[in-house]
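**Student:** In the order they appear, the protein sequences are chains A and B. In terms of our numbering, the first sequence opens at residue 137 and continues consecutively. In terms of our numbering, the second sequence opens at residue 22 and continues consecutively.
Treat the hints with care, since some could be wrong.
[As the list claims (entries may be wrong)] Restraint ranges, calculated between C-beta atoms of paired labels, are given here:
1) Ser102/B / Thr194/A: 38 to 46 Å
2) Gly37/B / Thr207/A: 46 to 54 Å
3) Gly83/B / Ser211/A: 27 to 35 Å
4) Pro150/A / Ser43/B: 37 to 45 Å
5) Tyr163/A / His119/B: 23 to 31 Å
6) Thr194/A / Gly37/B: 41 to 49 Å
7) Gly38/B / Ser220/A: 31 to 39 Å
8) Gln48/B / Lys210/A: 31 to 39 Å
9) Lys210/A / Ser35/B: 23 to 31 Å
10) Gln137/A / Glu107/B: 18 to 26 Å
11) Asn120/B / Ser220/A: 21 to 29 Å
12) Ser82/B / Lys149/A: 38 to 46 Å
[Stated by the list, open to error] Some chain B residues judged to face chain A by a derived CB distance under 10 Å, without partners named:
13) Phe81
14) Phe88
15) Ser91
[Unchecked claim] Here are the computed lysine-lysine pairs in the DSBU-like style, where the Cα-Cα straight-line distance is at most 30 Å:
16) Lys139/A / Lys159/A
17) Lys159/A / Lys210/A
18) Lys65/B / Lys159/A
19) Lys139/A / Lys155/A
20) Lys139/A / Lys65/B
21) Lys199/A / Lys133/B
22) Lys155/A / Lys65/B
23) Lys65/B / Lys100/B
24) Lys201/A / Lys149/A
25) Lys139/A / Lys199/A
26) Lys199/A / Lys129/B
27) Lys129/B / Lys100/B
28) Lys203/A / Lys179/A
29) Lys100/B / Lys179/A
30) Lys139/A / Lys201/A
31) Lys65/B / Lys129/B
32) Lys65/B / Lys133/B
33) Lys133/B / Lys139/A
34) Lys159/A / Lys203/A
35) Lys199/A / Lys149/A
36) Lys210/A / Lys139/A
37) Lys133/B / Lys210/A
38) Lys159/A / Lys199/A
39) Lys201/A / Lys179/A
40) Lys179/A / Lys149/A
Because the hints were derived from the structure by calculation, they are not lab data. All of these numbers come straight from a predicted model, not from anything done at the bench. Glycine included, every Cβ here is placed at the ideal spot set by N, Cα and C.
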Amino acid sequence: QVKLLQSGAALVKPGASVKMSCKASGYTFTDYWVSWVKQSHGKSLEWIGEIYPNSGATNFNEKFKGKATLTVDKSTSTAYMELSRLTSEDSAIYYCTSGWFAYWGQGTLVTVSS
Amino acid sequence: DVVLTQTPVSLLISLGGQASISCRSSQSLVHSNGNTYLHWYLQKPGQSPQLLIYQVSNRFSGIPDRFSGSGSGTDFTLKISRVEPEDLGVYYCLQRTHNPPTFGGGTKLELK
């Protein structure tokens, strides 16, 4: 079955960067876009952007351009998202999702605190 | 960006009862290819969202027929009949007809 396994929680200092991973299994990784979604505490969901593993093509929500960088490693079927210049506003759970938003990872909690 | 407005914000339902959630879009969600990319999710406490309904009315794999979706254009509805304890959580609609994809604000389903 399709699984998206995300990396563990991260505690990072303001101004730093964080890179999280999303390892896919159970389907052909290069066939579907992988999207990343942000959920701030107790709030709704925001689409950050997407990457097509086969080509590395990306699309971003304007709000997250310059904040998020998306990459993939086809050899390990893993997608990555790096968030830079972190502030308290970036504290949230981040999900990866694939299969046209059908399949979701378990989420990675990022806490930005000094 | 397309704004999805969900109502109500919260819903108190008795076990075995019926729930109805509305999702209204700020613009038509009919894609140029004729499809309507409006999906429904349930997020249970402490879990990631799970897909219930895709493209307005199609139940995802393993989703019981107690869940049904309907609507067109800008107005969509999710109905849950014979509510069970495992149906509790926050329901979201998502549109991916227009870029960027956007989510509704959520509807919390609780037991009366």
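**Student:** Compare the structure with each hint and give your call.
**Tutor:** Structure-based check of each hint:
1. Ser102/B / Thr194/A: 38 to 46 Å: 41 Å, holds
2. Gly37/B / Thr207/A: 46 to 54 Å: Once the Cβ atoms are compared, 49 Å apart, the range 46 to 54 Å for Thr207/A and Gly37/B holds.
3. Gly83/B / Ser211/A: 27 to 35 Å: Given range 27 to 35 Å: holds, Cβ gap about 31 Å.
4. Pro150/A / Ser43/B: 37 to 45 Å: 40 Å, holds
5. Tyr163/A / His119/B: 23 to 31 Å: Between Tyr163/A and His119/B, where Cβ atoms are some 26 Å apart, the hint holds.
6. Thr194/A / Gly37/B: 41 to 49 Å: 47 Å, holds
7. Gly38/B / Ser220/A: 31 to 39 Å: The hint (31 to 39 Å, Cβ to Cβ) is violated, given that Gly38/B and Ser220/A are roughly 48 Å apart.
8. Gln48/B / Lys210/A: 31 to 39 Å: The hinted range 31 to 39 Å holds for Gln48/B and Lys210/A, with Cβ atoms some 36 Å apart.
9. Lys210/A / Ser35/B: 23 to 31 Å: Violated - the Cβ-Cβ distance for Lys210/A and Ser35/B, about 50 Å, lies outside 23 to 31 Å.
10. Gln137/A / Glu107/B: 18 to 26 Å: Since Gln137/A and Glu107/B have Cβ atoms about 19 Å apart, the given range 18 to 26 Å holds.
11. Asn120/B / Ser220/A: 21 to 29 Å: 23 Å, holds
12. Ser82/B / Lys149/A: 38 to 46 Å: Since the Cβ atoms of Ser82/B and Lys149/A sit about 42 Å apart, the hinted range of 38 to 46 Å holds.
13. Phe81: 7 Å, holds
14. Phe88: Check failed: Cβ of Phe88/B comes no nearer than 15 Å to chain A, outside 10 Å.
15. Ser91: This hint is violated: Ser91/B lies away from chain A, its Cβ roughly 20 Å from the closest one there, beyond 10 Å.
16. Lys139/A / Lys159/A: Answer holds: Lys139/A to Lys159/A is near 8 Å, not above 30 Å.
17. Lys159/A / Lys210/A: Judged against 30 Å, a Cα distance of about 10 Å means the pair holds.
18. Lys65/B / Lys159/A: It holds: about 23 Å lies between the C-alpha atoms, which stays within 30 Å.
19. Lys139/A / Lys155/A: The hint holds at about 20 Å.
20. Lys139/A / Lys65/B: 18 Å, holds
21. Lys199/A / Lys133/B: Violated: Lys199/A and Lys133/B sit about 39 Å apart, past 30 Å.
22. Lys155/A / Lys65/B: This hinted pair holds, its Cα atoms lying about 26 Å apart.
23. Lys65/B / Lys100/B: The given pair, whose Cα atoms are some 17 Å apart, holds under the 30 Å limit.
24. Lys201/A / Lys149/A: 21 Å, holds
25. Lys139/A / Lys199/A: 28 Å, holds
26. Lys199/A / Lys129/B: Holds, at roughly 27 Å.
27. Lys129/B / Lys100/B: The hint holds at about 14 Å.
28. Lys203/A / Lys179/A: 20 Å, holds
29. Lys100/B / Lys179/A: 23 Å, holds
30. Lys139/A / Lys201/A: This hinted pair holds, its Cα atoms lying about 27 Å apart.
31. Lys65/B / Lys129/B: 10 Å, holds
32. Lys65/B / Lys133/B: Status holds; Cα separation ~17 Å.
33. Lys133/B / Lys139/A: 35 Å, violated
34. Lys159/A / Lys203/A: 22 Å, holds
35. Lys199/A / Lys149/A: Within the cut-off at roughly 22 Å; holds.
36. Lys210/A / Lys139/A: It holds: about 16 Å lies between the C-alpha atoms, which stays within 30 Å.
37. Lys133/B / Lys210/A: At roughly 48 Å apart (the allowed maximum being 30 Å), Lys210/A and Lys133/B break the hint.
38. Lys159/A / Lys199/A: 25 Å, holds
39. Lys201/A / Lys179/A: Between Lys201/A and Lys179/A the Cα gap is close to 21 Å, so the pair holds against 30 Å.
40. Lys179/A / Lys149/A: 23 Å, holds
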